[in-house]
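> Below, each chain spelled out in residue letters.
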Amino acid sequence: MKILLSLPTPSSSNNESSAPSFVACGLASAAFVHVNDTVFSLNLPADGDGKDKKPPVQCVDSFWKGDELLIAVVKFKTVGIFSISKASPASPPPSPVSTFTVPKKVSCCKFVSSPSLPLMLLVGDKAGDITAYGVDDVKKSRHVVGHTASMVTCLTTIQNLNGTTKQILSGDRDEKVRVTAFPNSYVLNGLLLGHTGFVSAVASNKEYCATASGDSSVRLWNTSKSTSEAEIKCWNVDSIAAVVAISEDNVVAFASDGANEVHIVSEKESEVVKVCADAAILGISFVTNNKLCVLTDDKDAYLKVFDLSGINVGGEAVEKINEKAKAADLENVQKTLIEGENANGGQEKTDSALVKHAKHHIVEKRVNDKGGNKKKNKKQKLEEDNE
Amino acid sequence: MSSTQSSPNKKQKVDATTTIPTIQGLEDYSFRDGEEITPHGAMPQKKYYRSRAHANPLSFNDNLTYPTKPDDFDWQPYYPELPSSSSAPTVIDIGCGFGGLTVELSTLLPDATVLGLEIRAKVCEYVRLRIMSLRETEKGNYKNAACMRSNTMKNLVNYMHPNSLNKIFICFPDPHFKAKNHRRRIVSYDLLTEYAYCLKPNALLYLITDVKALHEWHLEKTDAHEMFARLSDDAMENDPCVKAMINVTEEGKKVERSGSNKYFMVYRRLPEEEVALETSEFLK
Numbered sequence: 001m002k003i004l005l006s007l008p009t010p011s012s013s014n015n016e017s018s019a020p021s022f023v024a025c026g027l028a029s030a031a032f033v034h035v036n037d038t039v040f041s042l043n044l045p046a047d048g049d050g051k052d053k054k055p056p057v058q059c060v061d062s063f064w065k066g067d068e069l070l071i072a073v074v075k076f077k078t079v080g081i082f083s084i085s086k087a088s089p090a091s092p093p094p095s096p097v098s099t100f101t102v103p104k105k106v107s108c109c110k111f112v113s114s115p116s117l118p119l120m121l122l123v124g125d126k127a128g129d130i131t132a133y134g135v136d137d138v139k140k141s142r143h144v145v146g147h148t149a150s151m152v153t154c155l156t157t158i159q160n161l162n163g164t165t166k167q168i169l170s171g172d173r174d175e176k177v178r179v180t181a182f183p184n185s186y187v188l189n190g191l192l193l194g195h196t197g198f199v200s201a202v203a204s205n206k207e208y209c210a211t212a213s214g215d216s217s218v219r220l221w222n223t224s225k226s227t228s229e230a231e232i233k234c235w236n237v238d239s240i241a242a243v244v245a246i247s248e249d250n251v252v253a254f255a256s257d258g259a260n261e262v263h264i265v266s267e268k269e270s271e272v273v274k275v276c277a278d279a280a281i282l283g284i285s286f287v288t289n290n291k292l293c294v295l296t297d298d299k300d301a302y303l304k305v306f307d308l309s310g311i312n313v314g315g316e317a318v319e320k321i322n323e324k325a326k327a328a329d330l331e332n333v334q335k336t337l338i339e340g341e342n343a344n345g346g347q348e349k350t351d352s353a354l355v356k357h358a359k360h361h362i363v364e365k366r367v368n369d370k371g372g373n374k375k376k377n378k379k380q381k382l383e384e385d386n387e
Numbered sequence: 001m002s003s004t005q006s007s008p009n010k011k012q013k014v015d016a017t018t019t020i021p022t023i024q025g026l027e028d029y030s031f032r033d034g035e036e037i038t039p040h041g042a043m044p045q046k047k048y049y050r051s052r053a054h055a056n057p058l059s060f061n062d063n064l065t066y067p068t069k070p071d072d073f074d075w076q077p078y079y080p081e082l083p084s085s086s087s088a089p090t091v092i093d094i095g096c097g098f099g100g101l102t103v104e105l106s107t108l109l110p111d112a113t114v115l116g117l118e119i120r121a122k123v124c125e126y127v128r129l130r131i132m133s134l135r136e137t138e139k140g141n142y143k144n145a146a147c148m149r150s151n152t153m154k155n156l157v158n159y160m161h162p163n164s165l166n167k168i169f170i171c172f173p174d175p176h177f178k179a180k181n182h183r184r185r186i187v188s189y190d191l192l193t194e195y196a197y198c199l200k201p202n203a204l205l206y207l208i209t210d211v212k213a214l215h216e217w218h219l220e221k222t223d224a225h226e227m228f229a230r231l232s233d234d235a236m237e238n239d240p241c242v243k244a245m246i247n248v249t250e251e252g253k254k255v256e257r258s259g260s261n262k263y264f265m266v267y268r269r270l271p272e273e274e275v276a277l278e279t280s281e282f283l284k
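Heads up: the sequence lines are chains A and B, in that order.
Quick note on numbering: the first sequence equals residues 1 to 387 in UniProt numbering.
Quick note on numbering: the second sequence equals residues 1 to 284 in UniProt numbering.
Bear in mind the hints are in silico, worked out from the structure with no lab data behind them.
Just so you know, even glycine gets a beta-carbon here, dropped at the ideal spot from N, CA and C.
It is possible that some hints are incorrect.
[Claimed, not checked] Computed from the model, here is a short list of chain A residues facing chain B with C-beta under 10 Å:
# : residue
1 : Val145
2 : Gly190
3 : Ser228
Build the full structure now, drawing on both the sequences and the hints.
The structure is reproduced here in structure tokens:
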């Protein structure tokens, strides 16, 4: 299932305690917004291609614009921007304020803001380009960053202290993570080099960022340091690392593809603390430094929040404190999920994007070995190069 | 010291100070019918190293391996007689072809470390043997020239440190005429961002081609890139590298024989302080 989880940080002018808490997530072909304890779905009609008549939600992002919460939902090549007002969030399920289509399949999106520039949505596509679309005028766009000959797999931004975007972090299938300045995106500030497999996810806070990769590792980086000195730590994962999140005080949470457990680590702690979510994990995000929100494929309770304040380095699994899907709305949610699954003919048959990345690399190797060449495989060669 | 006799199937003792590491994907191309194609130290003959003119940089190309980051790569084997502090390349020739410009730059810029990059295996092997032969016959010269097989479009940043290059030459690149192949061109807005990243502030980017449409494309893309500014005609007149670029490449000589024109331009990579973002029409 395609997922994404987004927890908008209220802008500094809002009083944190009185602001309702929002979680926007995408699951199968439905997108939901949870406001405090109510749920409603965001309706974005989209056309798929031949195989996928009802495409799943590819990514979701949210942004506070004054008292208005903007949520971008992307399915295949269609992007919809929804607006929810803080004052009356639970009014009739919104349809998008604006919808537009992009030329290539989208893999990730993120809102960016800059003083003296209109609010924009960055859209990363599978051809390697990141384009900024104007939220107020979606017909206008600008090419911002390009990963030549590759595919953008994940996107995040680093903010200045006043909330405007300072840098864009984008990961691609060729093991590189680019750090590009914003809005002067002609300046490549640096690259985070160190992964030996495709980058599947990237998460950042003001200074550090964490990346998950198909080389079964999760790495922590200091984004303000130069290319050679950026990597701080590397954790090994059982298989492809799929999702990652980082809190404001540099605690990293990650999970591998299809796993039930979230691993919590930090730069200084050498022990890994595991949080068991009882279902395959699809997305994770830190609400505050101590609360971790997890999106799973458990239909009864797909959104779980874990309290990490009592965390014990000894490795005790912490209790679930809150399950956000209420019974009343559960039926609707379940119906949409089931519809979504039937439409896609059972998601199990189609590979997740990550498995596709991995398969791409394996197929390439086989193709090149066809001629009966005695070519060593990439990993061996790399090891020899590094000896 | 290398011996002058060559017995079949026996490699001569090689002089470590003149060798360049073997080309990826072509480690076993030294022998044919029991005879060494190019004995050590001999100038290679082009007929054994002919290759198709076009190569698709977007495809996986023999699984070319590259270092994870620039620190992981040791340049000393390519420049055995240079001190290790100056063995990292400072001048690169992207798509060096048969190496005419690479060897000329080595004599023109004796303090620079020149690297030729080529994606085609046989052609790169030719350049490698050519430089090795020059190092043998003119002892002490050409120790600052080398070549390597790589797909620059994909892995330039894996090899080069930021702000490390003084000059980048792109001579007679593949024009990729069809619109659907324009994304294979070696000059594009995104690749220019990478070139600006690898070049030092005020370093130079040299472009030359005989295809007018491609030259117009080069001008359009590089003029639009905020980090590059054209060099004045005077500055280009006075730069000996410009003359070299025009005259000594194999492709350049071919163009002269056929009587076509050559179009070139040199750009300066601006320091960040000199560049201002135009915010009035950010979105179009």
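> Given Val145 (chain A) was flagged as interface, is its beta-carbon under 10 Å from a beta-carbon of chain B?
7 Å, holds
> Quick check on Gly190 (chain A) please, does its C-beta sit within 10 Å of some C-beta on chain B?
7 Å, holds
> Does the CB of Ser228 (chain A) sit less than 10 Å away from some CB of chain B?
Holds - the Cβ of Ser228 (chain A) comes within 10 Å of chain B, reaching about 5 Å at its closest.
When held up to the earlier numbered hints, the structure conflicts with none and fits them all.
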